[in-house]
Structures are given as structure tokens and as C-alpha cells.
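Enquirer: Spelled out from the first residue to the last, the chains are:
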Amino acid sequence: MAVDKKYDTPMLDELEKGEWPSFVKEIKAAAEWNAMSNDLLGLLEQSYSEKMGHWKHGGIVGVMGYGGGIIGRYTDLPEKYPNISHFHTLRINMPSGWFYTSEALRTLCDIWDAHGSGLTNMHGSTGDIIFLGTRTEELEPVFNKLTAAGFDLGGSGSDVRTPSCCCGKARCEWACYDTMALTHFITNKFQDELHRPAFPYKMKFKMSGCPNDCVASVARSDISIIGTWRDEIQVDMQKVREYAKNGTDIVKEIVMMCPGKCIEWDGKDLNIDNSSCLHCMHCINVMPKALAPGKDRGAVVLVGSKAPIVEGALLSSVMIPFMKIEEPFDEMEFWKLIENMWDLWCEEGKNRERIGEFIQRVGMGNFLDSVGLEPIAEMVAHPRENPYVFYEEYFEEGEEVEK
Amino acid sequence: MAVDKKYDTPMLDELEKGEWPSFVKEIKAAAEWNAMSNDLLGLLEQSYSEKMGHWKHGGIVGVMGYGGGIIGRYTDLPEKYPNISHFHTLRINMPSGWFYTSEALRTLCDIWDAHGSGLTNMHGSTGDIIFLGTRTEELEPVFNKLTAAGFDLGGSGSDVRTPSCCCGKARCEWACYDTMALTHFITNKFQDELHRPAFPYKMKFKMSGCPNDCVASVARSDISIIGTWRDEIQVDMQKVREYAKNGTDIVKEIVMMCPGKCIEWDGKDLNIDNSSCLHCMHCINVMPKALAPGKDRGAVVLVGSKAPIVEGALLSSVMIPFMKIEEPFDEMEFWKLIENMWDLWCEEGKNRERIGEFIQRVGMGNFLDSVGLEPIAEMVAHPRENPYVFYEEYFEEGEEVEK
Amino acid sequence: MAEEVLQRKTDIGPPHYSKFLPPIIKENYGKWKYHEIPRPGVLMHVADNGAKLYSVRAGSPRLLSTFKIRKYAELADKYCDGYLRFTSRHNVEFLLTKEENINPLIADLNALGHPVGGTGNSITSIVHTQGWIHCHSAATDASGIVKAVMDDNIEYFKTMVLPGKLRIALACCLNMCGAVHCSDIAILGIHRRPPKINKVNLPKMCEIPNVVASCPTAAIRPVVYDGKPSVEILEDKCMFCANCFTVCPALPLADPLNDGVSIWIGGKVSNARHEPMFSKLAIPFIPNNPPRWPEVTGAIRKIVELWAKNAHKHERMGEWIERIGWPKFFRMSGIEFQKEHIDDFKYAGLTYKRSAHLTY
Amino acid sequence: MAEEVLQRKTDIGPPHYSKFLPPIIKENYGKWKYHEIPRPGVLMHVADNGAKLYSVRAGSPRLLSTFKIRKYAELADKYCDGYLRFTSRHNVEFLLTKEENINPLIADLNALGHPVGGTGNSITSIVHTQGWIHCHSAATDASGIVKAVMDDNIEYFKTMVLPGKLRIALACCLNMCGAVHCSDIAILGIHRRPPKINKVNLPKMCEIPNVVASCPTAAIRPVVYDGKPSVEILEDKCMFCANCFTVCPALPLADPLNDGVSIWIGGKVSNARHEPMFSKLAIPFIPNNPPRWPEVTGAIRKIVELWAKNAHKHERMGEWIERIGWPKFFRMSGIEFQKEHIDDFKYAGLTYKRSAHLTY
Ligand code: SRM
Ligand code: SRM
Ligand code: SRM
Ligand code: SRM
Ligand code: SF4
Ligand code: SF4
Ligand code: SF4
Ligand code: SF4
Ligand code: SF4
Ligand code: SF4
Ligand code: SF4
Ligand code: SF4
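Chains as they are written, first to last, in numbering that gives the first Met the number 0: chain A, 0 to 402; chain B, 0 to 402; chain C, 0 to 359; chain D, 0 to 359.
I should point out that these hints are in silico values taken from the structure, not numbers from a laboratory. Glycine included, each C-beta is placed from N, C-alpha and C at the ideal position. You may find that some hints are simply not true.
[To be verified] Partial list, computed: chain D residues near chain B (C-beta under 8 Å): (1) Ile189; (2) Leu233; (3) Phe239; (4) Cys240; (5) Asn257; (6) Lys279; (7) Leu280; (8) Phe329; (9) Gln337; (10) Asp343.
[Stated by the list, open to error] Below 30 Å or equal to it, Euclidean Cα-Cα: the simulated DSSO-like pairs (lysine-lysine) are: (11) Lys251/B with Lys267/B; (12) Lys195/C with Lys294/B; (13) Lys288/B with Lys97/C; (14) Lys267/B with Lys251/A; (15) Lys97/D with Lys238/A.
[Claimed, not checked] One side only, chain A facing chain B, incomplete, derived with CB under 10 Å: (16) Thr146; (17) Val254; (18) Met255; (19) Pro258; (20) Lys260; (21) Gly311; (22) Pro374; (23) Pro386.
Based on the provided sequences and hints, a complete structural model is requested.
Expert: Here it is, written out as C-alpha cells:
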């Protein structure tokens, strides 16, 4: 597709200035040779001057046998910008941890240059490689080339979304389990659920190796798996003293900021009451050479976070306070819980009701009953404050009666 | 009323044992000569053995011209306990701060011995003197004797309830305003509202002289007036050092427990960043000889606390962050706000809807609009977290339009 | 017994407090400088001018006979020129100016059966309600449990060895007269069986639409019974709030087999350190066991001791638990965590544990 | 352009990450001991065996042309045997083993227009969304504001002088793709005018019952218009959530005069110190002012500086404000507190100030 038109873009040109890398320069780079990107430039300039977008609701487009992975998009000004009358994106499942070789990147570029706008997002905010804009008839060819190169589509619609994770053991000393391995396993285990939407709504997994939560799993995933430990923080006392000597104000920066209020420092020894440690990571973060998570490592599983539409945003909440995550992953009991949760949600969840909202609606207690988990104190910030308890049994003339 | 019957009370007798003063002994003391109390003893023993009360819903009884102040009560076993077939209580407005002379107490006893059970609560949990149990026909005579002695009834039903307060300036070095004077003033100002229920539901005032809130006003009153100051905590540094010398661990007990995190102690000087002080009282409580509230004193007014029935318990929330409370009280602008609030609540409140629940239902912002208060940041713990803002205006073709 | 009305007065309001203040208070009103607690139960307030007021606080069952009140009056005359007061938690306080009168007064009070204490870091008397003494709504008695619990904790009333103040309250039903919803320890009477419908009285005594509307969970539906309007109750939906009973006497919830008390902990009202907090459910149900409710006193005693042993100085119950976290509290106390503990009311979603801040 | 399908493969999943890991990572997988940040934008991870991995992080607009990606690939080949990765906030990281390659790589990246930084206590790149580039829902553009804000804060990307990490996010509508609801600073596109009803298309494109049901505030009512089923909107009840538009394209909310952004602050997701927190409304509305949204960048800059100057070391934005209290934040920032700040949604009651903990 040769570029035959040149748009004046006085407003966008303003965004080429400044030190932060410019997305306008990226679009222009593609627009040099790609008619889609060129029309995008024109359309965007128009949006900038009108202060309004020019995209219509997406239609249902996709590749054969898949229900997700493509976001259909059409402009409402197809006459003016014919090359982006269709402008669908592909969501391509990234490798765990977003590691690449230059070769892999070039392969992706080759495919996209042949079939699309030459523009991407590296990456989408769920984590996918986003191929930004092409026509309907290009979807199958792109897909075929992608699979040939070893890549597959990610999720969209009411399916398992592309799971994502922090780099974990690949590069981080704090990873309490192998996030990348688990993410790869989950992605493959749920290929069908990922590609063929059959849930009431979307279902996201995010895996962080420790409570620093570098993929924001607690806020952005229906299933959040966050690494932690349950024995004692490993302390190299000599190194602690070095930090103190080199200017770390251990009382102000650590003792007084520890949310468990469980650290003491007498100028020589650091004393942690591990039974009150909340596993927040702060002390370890401040003195990475001196402290480290314990050796009995695993993860806490939290469920249910999401953006606000439409009942208000949710954070994930604790479902399993500690779980070992060890190979062989497929033998983990955890999958049974996932299955139970999905069964229940598919059966009783309303259309467009995320699992977190479902739990809010039916109540945590009832949800636990249904999925076969025991209620434990770790699941709540605090017990109820109101006296409206649904006691489930009462006695009648000497015998216990189930309601 | 002579006592002609004697009840066996094996269960209640168990409650005469032990070191804490026994209410059973009190009832027995009255039952020696008072038939009502004697029957109460019998009824109570029966309740103890059956594990169930024997009182019916109260009917509407009262004294002439008053709608409140009496709680009607009848037993469901009038044949068995005829002397308490009626057993109404009178709520008598206590003097501010619950101060008495022995003479005043004897006057009350004389009246009650002549007309009732000889049993009282000193006091009810709203604060009234409770005369516990008499017959309908005794109500007027009791009332007349009470008023003759200078006492009047308190509130009950959907009226202003008997206002109460801590002893304040009478005995406390921390009182930031004159709680007893204000309480007396309020009680008299609202005599009509107190005696003639005309609100959607009850309306309680509680006055505490400082943030220690010794009458639990933040939890138990529709209007909570809590003393505070807005200048600097008064510090007697010499005395601080004495506390330190005498064993107060100023870092652990004060610096680390200050919720404003605004105190520093270097072993010699105590440094308070008053602009971050939350006026919690803790440091002053721990070192009463060394610290004192500032000199620019007044009160914060909070609105809306209540017990849980039926929408859940509420704590009062800030309406006026700081208000001077000085004589002449009747010139305070505050009454205008109270009037506005009551007008609104009477107009738009549902039956049995406390003012706190009303605010919850209509929203604080709308409530403020209606009563003519500016929204200020002090009214919220934090701004909204959800994006569902009801913006009230939008522009149409260049001009601003009110919705 | 009715008597002649001589001159009927109304709306006179309460007597002015100034009539009842001892001279030392009148002189130093608003001029107090500091206080000390020379011994448990005795407050010494010192005025700017050096004047000293001693308040001797004695425990009270709150339910007092006129006989006892006259005894108080006698003691007040004997030791403090007739001046005394009651506190916001229903204790009696004798207001002395003569230090030498303190010990004899205390001796007399003890002889009368009224221990002195409740100041500083102690358990003071239990704010409570009517129970089987006077209320139609009660799911348990008030005074009886209060007596049993105070007997069991009497040394914490008479000493000041606790980490902080410990406020106990009791309410005999969900109406929660008193400060149960914000107490360090709250004892709350509860029903556990849906209202029994008195089909005969209901049509006579109650307005069906009001009854139906009163139920917050929509558990009550109108039906026709024997040709007369009546209601039915969907038992699964009942949360035992008794709001229907408040508007309709023909729907009693009281039931000896199923009534009892629940224990709530960690609330407070003062602003000291932590903001005011609601009490939270610790023990969902203990059956009524009069006259001394041993299971209740036992449970409370255990919680008090646990807190006393483990809290930092000045830490109220709720502050301590907030620091260590509820899971650790449940582990330490041996109280079983159950479905009932999990909130399912209005703000339930905010009570879930929404972070990885956990202890192991 | 369609091509022949040779052998159609499905459900193969993503490539295994191990194919893309440099040897040093394979060797030390799970055996990292600690890290240092030798200079802004450069991480040094040291393994148990002493091996050192250097990661050089360069800022990215996220929207990348294949041209640029090929440039990245070139640099990776030149300096790190072809190995690189992207971060969870869309920056690119070059994975080096040769320390001496760091400076030349950084020089090349700068020449390419990609500053290096974003590590430690810095502002890293802004998690954002599609905006006018690709989404039908947008109330503002994404990439444009992001560019303007990052330009304006570039020194905080290239240095580590802030008290803690500062995470900014942007979403172009209330769907909030990204982490806007839990960010130190969030920029959120909002509509302020109720949907305009396209009466012609509506009956053709939308199912009336679905549309009515989609509105959480019941602002939409079915009506008949011109003999055809349609809807009306009670404008007073509309909270501009656009849920109706999601199910019905004939109810657009976009409106140049009234669309704009709101600013939210004080959220976080890490468990470090404070539990995760939602962002809270700071500035209810700033009109769209492309191409560089100066009012938005100005407001953000002011908030950043205020925090940078006043927070304790390690305190995130929300932790700082929690300590000083929101009233003090409003006073310090000069932002006007308005009715819009007061919550009136589900949990509104819990956001009221329920204590006397106030600053003056
Ligand atoms: C592309 C992407 C934004 C981006 O630029 O990065 C995106 C784009 C859209 N999102 Fe999203 N969401 C994207 C990540 C998210 C995230 C972040 C995440 O996954 O970590 C969220 C918040 C977390 C969550 O799931 O709650 C998110 C919450 C939503 C919602 C609100 C869902 C909810 O339950 O609250 C909607 C609305 C809906 O589903 O109807 C939505 C809907 C949409 C739609 C499909 C618009 C629509 O209503 O049809 C957008 C298509 C834009 C387009 O034209 O390309 N998007 N969306 C992200 C996916 C890229 C990828 O696959 O990597
Ligand atoms: C006598 C007293 C308890 C006591 O033993 O001290 C009491 C007794 C009753 N209260 Fe109360 N309340 C008493 C203080 C309170 C308090 C505490 C306070 O005022 O500080 C509260 C909690 C604070 C509040 O107002 O929310 C309180 C909250 C209730 C409620 C729940 C109201 C609500 O809005 O949640 C009811 C139920 C009702 O009003 O229908 C209630 C209803 C009742 C009734 C009238 C029962 C009824 O449903 O008809 C009780 C009559 C008992 C009787 O037979 O004597 N009582 N009630 C207290 C009044 C004594 C006095 O005047 O000094
Ligand atoms: C007499 C009384 C006020 C009255 O007008 O009746 C009173 C009097 C004093 N209170 Fe109080 N408080 C009284 C009920 C309360 C209440 C209300 C309640 O318990 O229902 C509270 C709120 C309790 C709560 O938060 O749940 C209360 C919270 C305080 C506090 C804060 C304690 C804390 O750390 O949370 C202090 C400060 C202190 O003691 O350090 C305090 C301090 C004081 C001082 C020291 C004030 C002073 O300088 O005179 C008085 C002696 C306290 C003592 O007993 O050691 N007073 N005080 C009340 C005595 C009740 C009783 O018989 O035991
Ligand atoms: C590379 C990356 C993970 C990945 O797999 O991509 C990463 C890597 C590291 N994070 Fe992170 N974090 C990364 C996103 C996050 C996120 C997610 C986000 O921002 O959306 C968070 C949660 C942010 C939040 O709370 O809102 C995050 C919260 C942390 C924290 C906790 C900071 C705090 O005080 O709250 C630490 C600890 C620290 O830095 O002291 C941390 C620490 C680290 C360490 C030091 C871990 C290690 O030892 O390797 C890494 C270098 C940090 C640095 O930049 O200084 N990382 N980190 C992500 C880089 C994003 C970027 O390009 O800037
Ligand atoms: S979440 Fe923890 S393990 Fe994963 S990269 Fe961040 S700090 Fe490392
Ligand atoms: S990890 Fe957090 S809670 Fe645990 S000791 Fe360190 S700072 Fe304290
Ligand atoms: S509330 Fe304050 S002023 Fe009143 S008695 Fe208690 S401590 Fe004193
Ligand atoms: S009153 Fe409270 S907040 Fe203020 S300085 Fe003292 S301890 Fe800190
Ligand atoms: S708590 Fe309930 S039972 Fe007890 S006095 Fe109040 S209304 Fe009556
Ligand atoms: S007790 Fe409460 S929940 Fe149960 S039926 Fe009556 S009003 Fe409804
Ligand atoms: S935030 Fe809204 S406008 Fe932006 S990409 Fe997501 S759905 Fe589209
Ligand atoms: S934007 Fe939201 S609130 Fe407004 S009409 Fe549509 S669905 Fe209803």
C-alpha cells in the first residue's frame, strides 16, 4: 500500500517536541510507507482539532475457530480515510516476562509490515503484543504466519485473558515462586478458555513473584497470585550494620515504617518478630543486600479485582493465604478450586458480571460454601461490624433443625 | 402497698454472690416493703428459669401535654404478678454532668417511694434518671411532685432526647468549652421539641469537652459536639523531662503512638509539629502535668451517629470542623444550622429515619446544598474513589446550561 | 394514690447544675490544671490556685433502690458536705476536699458492698440496658450478665494494671441501647429464630403493609390466612433484626432455645491515638445460661487476659488487634473463625482482606 | 493480500520464554542474590555465583513502529547478543553482561530519542490506553497527554530524587483499561454530558430492554418515538458511566465541549508498607486542551513537586497524604474542594470524616 497523500498535522507536530519519545514520530515513521498509518495520522489530527475520537463501535471480526484475540474497529469517516475504514487490532500472546530475542522481534515486524499498519503497542496493558490496525481480510493471513512463527493470539471478550507476570526468577532475587513458568503453564492449560469466550465476562490472571506486585495483580486481575514466604526473613546482620554505617537511618526508614511494627534496632542488632511480620517487603526493599524473604516460599492467591464499570472498582481479596507452587504444576490442587469457581460463576453469574462482583453479590460466605473452601480469618480484614448474621440453624423442641 | 407474698428466688440468689454490687440485692431491698418490686423479683426469677422475658409491647401512656418521657410497659403475666401489670418507667432529665446534693437525691427518693417501685436507674444510658416501674395512675402525681421539686421529664419517642455531657469545666482540666452550660442551654432551648415528639425519629445531643469524648458522643448522638483547639499544644518542657526521668518512655509511648506522626523527642526537647497534630489527646493524656490543649479552644460538630437498626450503625461525621462556643449561647449561628437541618429532615426524612441515615440516603453533597453549608475537605476522610460524579452542568453550543 | 395538682408546671427543664456543685468546683470552674490518680478509684484534680478536689469512684449496679441512694446521700453528708455525682458510665463519685476523708469513705463504701476503682487503665462498670427487668425486646438479661462479668473481673476494676482502658458494654437486643457498637468488648443479646407468627392476633394488632415494609431483607410477604390478611416469613432471608417485631407485637422472636449472646470486640469512641472504631464479631453465639452465664464470663476473661498480656502500653483492644491482625488474634485466642464472622451486609466488600499483608 | 494456508495451527500458545532468555539468566535462574542501581536506568543483578546482569531501561511511548522495533533489535544485537525485554510498564530493557557496553548503549538510545531511567525512586512511563488512536469510547486522547506529562517530568524519569516510586496512569474513559484506579496519579478521561440519543439508529441497532437494564442509576426509560420503540434519559440521574453506550452505539457520550480529564491521586498496588489503595479524586474536571493539555501537565507538576518536597523518604503519594490528612493536602495544594469530591456512590458513608482527628 503506497502512500499517496500527505496530511498537514500542525497539532500533532507539537507532540514531536520534548525529550520523551514521541508516538507521533512513530506514526510518521510508519506513515512514510504505510497508507493505513498515513490515514491514521490524518484522522488523529482531525480528532485533535475537533477534540473527539472518530471510531465506531467494533463489529465482530476474528480468525477461524477463535472467538477472541481481535478487536474490530471502523472509522466513522471511511470516505475521508479509506485506508482505515477497517482498522482492527490483533492481540498476540507475549512470551512470559516479555523476554525476546532480536530475531523474534524481527519476525513479528516482518509479519506486520506485510499485513498491517506497521504500528504496534509493545505492549497492551493486559500484556499482549498489540498489532495496531489492519483490514478484515488480513486477519487470517497474519494469524497463519504468526502460528507458523510460534506465536498465537491472546484473549478478548468473555474469555480467559492473556495471563501475565513479572520477570520473577529470571531476574529478581525476591521471586518466591517461578512466575514465568506458572504463567506459561496457565496460558497453555487454558488455551481453549482463552480462545473461545464462554464465561459471563472476562477472566484475568496475573502472577507476581513477591508482595511488591510488579504486575499490579491485586488491582487488575480476577486471579492474583502473589509470591510470599512463611518462615523468617533472612538477615545478614553484618550487611545491616553496613547499611546503617552508610547512611540508612534504620529507625526512621525501617523501624517506624514497618506496618507490622515488629522490628527493633538497637544500633547493632536488628530484631524482627517474624510472627507479626506482614510480609510487606519494605525492610527488604530498603536493604536488599542484607535482608531476603524466607526460605519456605509460595504464594497467596487473591480473587476478584477489576476496574470500576459498573459497580465500582475492586481489589482482589485473599482466597488462599499460602500455597506452595512447585512442579509438576498440573498436580496442584489449585486447579480444582479454579474449576469449582468457574463452574459456579458460569452457572450463577450474570452476563457481564466479573467473578469479584459475583462474590460481592452472593457474599463471600456463600461463595466459599459453594466452591468448597473453609472460611478462615485470613480472608477478611476484620470480622463483621453489623449484627445481621444469618444464623443457619435453630433448635426446635430439643433438636437441631436445618433451615 | 404492703408486701404479702414471698417468692423463692434460687437463681437470682446466685447473683447476690461475688464482689460487684448486686442488682438483686437492690431489688430485694425494695421488695422488703414494695409490692411492685416484690412482684418484679418473682417475674425475674421466672424469666431466669425460662430464659425469656415477660414484658409486652408498651402502650401509649404519658403525662398531660407531653408526648414523651414515659415508657409504657405491661407484663404478659398480670394474673400471676398483679402489682406489675402496669410497670411504666419515667425518664427524668438529670442535671448537666450528673451532679447532685444529698438533699436532691433524697427528694427524688421521697417522690419515688410514694408512687413507684422504689427502684431506679442512676442513670439510663441516654443519661436520664430512670424511675423504674409504676402504674398509669401514678404518672401525673409523680410528674407534679417532680416539677414542684424543680425536675422535669426527659425525652422518648421521636423527639429531642435528653441531652447529656461530660463533667467538663466542672472537674476536667481539658474541657475546651463549657459542656455543662451548653447542655443546660440546649435542654432548655428545646423543651418543646423534647417533650412533644414531632420529628421523623429520635434526635440526640451529646457534648464532650475534648476529643477523649467521655460521653461517647461520636457513637451515640445525632449531634455530637466535641471540644478541641486550633492553636498549639501548651508544653511545659521541664515537666516533660520529669516524666521522662520518672519512667515514661517518650519515644515508645508517645512519639511512636502519635497518629499525626508529628512529635520528635531528642531526650531533652519535645518538638510538636502542630500543623500536623490530629488533636487526638494522646500525648496530653499520657503527660497531663506537662501538656495541655492550646488556648484557642472551641468544638468540632459532628452529625449522625446511631445504633444499627436497621441500616447499620453509624458514627457521627464532621459538619463544622471548628466552632467557638461562647456566651451568649443564643447568639450562636449554630442554631440556624440546626434549624435548617431539622426543617429538611422533617420535610424529607422518612418515618423512623435518623438524620444520619437521611444524610446517607440523600448524599452528603446534596444535604450540604440543602442546609446551606459549603463542602469542605474536613468533612471527608478522603475524596471519592469511584468515577461516578454527577457533574451538574454542561455546555451546549457555547453556553453553560444548568441541568 | 393520685394527689391534688396544686399548680401544674411544664417545660421547666432540669434543675440548674450550679445548685449541685460543691464550692471548690464553683471557685475553680474552668481553672483545673492537672490531675493525678493517687490510688485506684481516686482522682485528684488540682486547680491553678493549688486547690485539690478528690473524687472517689465506686462501682454501681446502676439499678439502685431508693434505699441505696439514701445510703449514698448519708455518705455524702458524712464525708463531703453532701456533694456527689454519677459518671457517664453510671458509677457514683463522691467529691471530697479533705484528703483524710478518703480512706474512711472507701471503708464505708466497701462495707456497703461498693468497691472503689474504675479509674485509669482499668475495667470500669459495664454500660448496659434493661433486659428481662423491663424490656419486651430482650434476647437476654442485662443486669445478670453484667454482674457475673464484673465479679469475674473485679481485680481489674480495683487496680490499674491493664495496658489501657477497657470498656465493656451490653445490650439485650439489636436495638443496641448503649454503646455496644463501639466498645472494647460488647455483649449483645441475639435471637436466632425467625419470628413466630401469632396468626390470631396479627390481623388485629398490626397493619400488614407496615409489617411487610419493616423487613429490610424482604423476608415478609402478605398472605391470606383463614380468610384474614396475614403474613408469611421466608425463613432463609431472616437476619433476626426484630424490626418487624418493633412494629408488630404479633411477631415475637424471643425463644428460650435459640436466644443467647454474641461477643464483639475492638471498638472504641475516644479519639486518642486511633479514630473511633466499631466493635467486630468475635463469638457468634453463646446460649443463655442464667443465672451466671459461665460460658460468657469465661470467654470474656480469656480475651481480657490475652490482651492484657500482649498489648503494648496504652493500646486499646482494637488497636492491639489491628496491629497484629485478626488472623493472629483468632489463632492466639483459639476462637474458631466461622462463616458468621464474614460480613455480608452493606459494606461487606470492604471487609475482605484486599492485600497480601498476612502473618503466618 | 490474502495468502495460502499451508498448515493451519491453533491453540499453540505463546512461545516458551526459555527460547528468549540470555545464557546468564538461564544459568542463574532463581539464583539471584541482590541488586543495585549503579545509575538511574541501570539495574545490576548479582547472582549467588557472582555473575552480574546489567539491565538498561529506556523510556518508550509504547506505541512503536516496526521501524523502531527493528532499531531496538539492532541495538540488542550490537550490545547484548540480541537479548532484550519489555517491562510491565512498557519500557524496554536491554540485558547486558558486559559493563563496558552500558555507556555506548545509553548514548545510542539517547541518539535514538529514548532517554534511560525509570528505576528506583523515579517516575517511570505512564501506563495508558488507546484514546483517539483506536477506541470508540475515549473521552480524551491517551498518547498525547502521556507525552506532554512525561516531557514535563522528564528529569524525574532520568534521576532518582523523589521520596518513592511515583506511578502515573491514564485511561481515556471510565472503563479504566490499565491501573488508573490504583495509581499515585491517575489521569482519567470523562464525559460530562448525558448520552445524546440517536433516535434514527437506536431502534435498529439496540435492544431497548438491554439498554434500559444497562443503566446503573435507572436513568434510562423506554418510550415510543415516532411510533418506534426508543428511550429517554433522565439527565439528572446520569453519572456518565457510558455503560449504556457499551451496549448501544446509538447513545454516544462523546462531546467536545464537555469531555475532558479528571485527576486522581494516592493509589498504589504494592504491599510495601501500606496495603494497596485506590486513587482518590483530586481535580474533578479539566477540559481537553490538545495538543499539549497544559492545564493537566501544570496540575500534575504541582502535585508532584508538593509531594517531593514534603513526603518522608519512602512515602508514596497516598501514604504521605494519609499521614497529613486530606484537608491539609487541599490547603497545601490550593486545589479547591468541591461537592464533586464527596463520594455519593455505594460506600459513600464510609468516606465521611467520622472522628475529631483534624488538623488546623
Ligand atoms: C487494548 C487495551 C488498552 C491498551 O491500550 O492497552 C484495552 C482496550 C479496550 N478495553 Fe480494556 N483494554 C486493555 C486492558 C484493560 C485492563 C488492564 C489489564 O488487563 O490489566 C483493564 C482493567 C482491569 C480489568 O479487567 O478490570 C480493562 C478494563 C476494561 C473494561 C472494564 C471491565 C470491567 O469489568 O470493569 C472494559 C469495558 C468492557 O469490558 O465492556 C474494557 C473494554 C475495552 C475495549 C474492548 C472497549 C470496548 O468497550 O469495547 C477497548 C478496545 C480498545 C481498542 O479499540 O483497541 N476494558 N482493560 C488493553 C488490552 C491490551 C492487551 O490485551 O494487552
Ligand atoms: C432505657 C434505655 C436503656 C437503658 O436501660 O438505659 C433504652 C430503652 C429502650 N430503647 Fe433505647 N434505650 C436507651 C438508650 C438508647 C441508646 C443510648 C443513648 O441514647 O446514648 C441507644 C443508642 C444510640 C442511638 O440512639 O442510636 C438506643 C437505641 C435504641 C433503638 C435503636 C435506634 C436506632 O435508630 O438505631 C431503639 C429502637 C427504636 O427506637 O425503635 C431503641 C428502643 C428502646 C425501647 C424504647 C424499646 C422499644 O423498642 O420500644 C427501650 C425501652 C426499654 C424499657 O422498657 O425501658 N433504643 N437507646 C435507654 C434510655 C434511658 C435514658 O433515657 O437515659
Ligand atoms: C468521669 C468521666 C466523665 C463524666 O463526666 O462522667 C470521665 C472522666 C475522665 N476521663 Fe474519660 N471519663 C468518663 C468516661 C469516658 C468515656 C465514655 C465511656 O467509656 O463510655 C470514654 C470513651 C471510651 C472509649 O474510647 O471507648 C473516656 C475516654 C477517656 C480517655 C481516652 C482513653 C483512651 O486511651 O482511649 C481519657 C484519657 C486517659 O485516661 O488517658 C479519659 C480521661 C479522663 C479523665 C482523666 C479526665 C480528667 O482529666 O478529669 C477523667 C478521669 C478518668 C479516669 O477514670 O481515669 N477519658 N472516658 C467518665 C467516667 C466513666 C466511668 O465511670 O468509668
Ligand atoms: C521491571 C519490573 C517488573 C517486570 O517484570 O517488568 C520491575 C522490577 C523491579 N521492581 Fe517493581 N518492577 C516493575 C513494576 C512494578 C510495579 C507495577 C506498576 O508500576 O504498574 C509495581 C507496583 C507499583 C505500585 O505500587 O503502584 C512495582 C513495585 C515495586 C516496589 C514497591 C515500591 C513501593 O515502595 O511501593 C519495589 C521495591 C523497591 O523498589 O523498593 C520494586 C522493586 C523492583 C526491583 C528492584 C526488583 C528486583 O530486585 O529486581 C526491580 C527494579 C525496580 C526499579 O525499577 O528500580 N517494585 N514494580 C517493572 C518495571 C516497570 C517499569 O518499566 O518501570
Ligand atoms: S514482583 Fe517481586 S519478584 Fe516480581 S519482579 Fe517485582 S520485586 Fe521481583
Ligand atoms: S516485611 Fe514489612 S512487615 Fe515484615 S518486618 Fe519487613 S517491614 Fe515489617
Ligand atoms: S471529654 Fe475531655 S473534657 Fe470531658 S471529661 Fe473527658 S477528658 Fe475531660
Ligand atoms: S494530640 Fe495526638 S496527634 Fe496531636 S501531637 Fe499529641 S499525640 Fe500527636
Ligand atoms: S437493647 Fe433492646 S432489649 Fe435492651 S433495652 Fe434496648 S430495646 Fe430493650
Ligand atoms: S426479624 Fe428482621 S429480617 Fe427477620 S422477618 Fe423480621 S424484619 Fe425481617
Ligand atoms: S479506557 Fe476506555 S477509551 Fe480507553 S482504551 Fe479502554 S475502553 Fe477504550
Ligand atoms: S451514561 Fe451511565 S448513568 Fe448515564 S444514562 Fe448511560 S448508563 Fe445511565
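Enquirer: Decide, hint by hint, whether the structure agrees.
Expert: Quick rundown of the hints versus the structure:
For Ile189/D, the suggested interface contact is upheld, since its CB lies about 7 Å from the closest CB of chain B, less than 8 Å. Against a cut-off of 8 Å between C-beta atoms, the interface hint on Leu233/D is violated, since the closest Cβ of chain B lies about 10 Å away. At its closest, the beta carbon of Phe239/D sits 7 Å from a beta carbon of chain B; the interface hint therefore holds under the 8 Å criterion. The restraint placing Cys240/D at the interface with chain B holds, with a minimum CB-CB distance near 6 Å, inside the 8 Å limit.
Among the interface hints, the one on Asn257/D holds; its C-beta lies about 5 Å from the nearest C-beta in chain B, closer than the 8 Å criterion. Among the interface hints, the one on Lys279/D holds; its C-beta lies about 4 Å from the nearest C-beta in chain B, closer than the 8 Å criterion. Residue-level restraint check for Leu280/D holds (minimum Cβ-Cβ distance to chain B is 4 Å; threshold 8 Å). For Phe329/D, the shortest C-beta to C-beta distance to chain B is roughly 4 Å, which falls under 8 Å, so the interface hint holds.
For Gln337/D, the suggested interface contact is upheld, since its CB lies about 6 Å from the closest CB of chain B, less than 8 Å. Of the supplied interface hints, the one on Asp343/D holds, with its beta-carbon coming within about 4 Å of a beta-carbon of chain B, less than 8 Å. For the suggested pair Lys251/B and Lys267/B, the alpha carbons sit about 15 Å apart, so the restraint of at most 30 Å is met. Distance restraint check for Lys195/C and Lys294/B: the Cα-Cα separation of roughly 59 Å exceeds the 30 Å cut-off, and the hinted pair is therefore not satisfied.
For the proposed pair Lys288/B and Lys97/C, the alpha carbon gap of about 22 Å is at most 30 Å, so the pair holds. Of the supplied pair hints, the one linking Lys267/B and Lys251/A holds, its CA atoms being roughly 19 Å apart against a limit of 30 Å. Under the criterion of a C-alpha separation no larger than 30 Å, the hint pairing Lys97/D with Lys238/A is consistent with the structure, at around 27 Å. The interface hint given for Thr146/A is broken, as the beta carbon of that residue sits about 39 Å from the closest beta carbon of chain B, more than 10 Å.
Hint status for Val254/A relative to chain B: holds, with the closest Cβ pair at about 9 Å, below 10 Å. The closest approach between the C-beta of Met255/A and any C-beta of chain B is roughly 7 Å, which is under the 10 Å cut-off, so the hint is satisfied. The beta carbon of Pro258/A is not positioned within 10 Å of any beta carbon in chain B (closest approach about 13 Å), and the interface hint is therefore violated. A hinted interface residue such as Lys260/A counts as satisfied when its beta carbon comes closer than 10 Å to some beta carbon of chain B; here the least separation is about 8 Å, so the hint holds.
Checking Gly311/A against chain B: minimum C-beta separation of about 5 Å stays under 10 Å; hint holds. With a least beta-carbon distance of about 21 Å to chain B, the hint placing Pro374/A at the interface is violated under the 10 Å criterion. The interface hint given for Pro386/A holds, since its Cβ lies 6 Å from the closest Cβ of chain B, which is under the 10 Å cut-off.
When each numbered hint is compared with the structure, violations occur for hints 2, 12, 16, 19 and 22.
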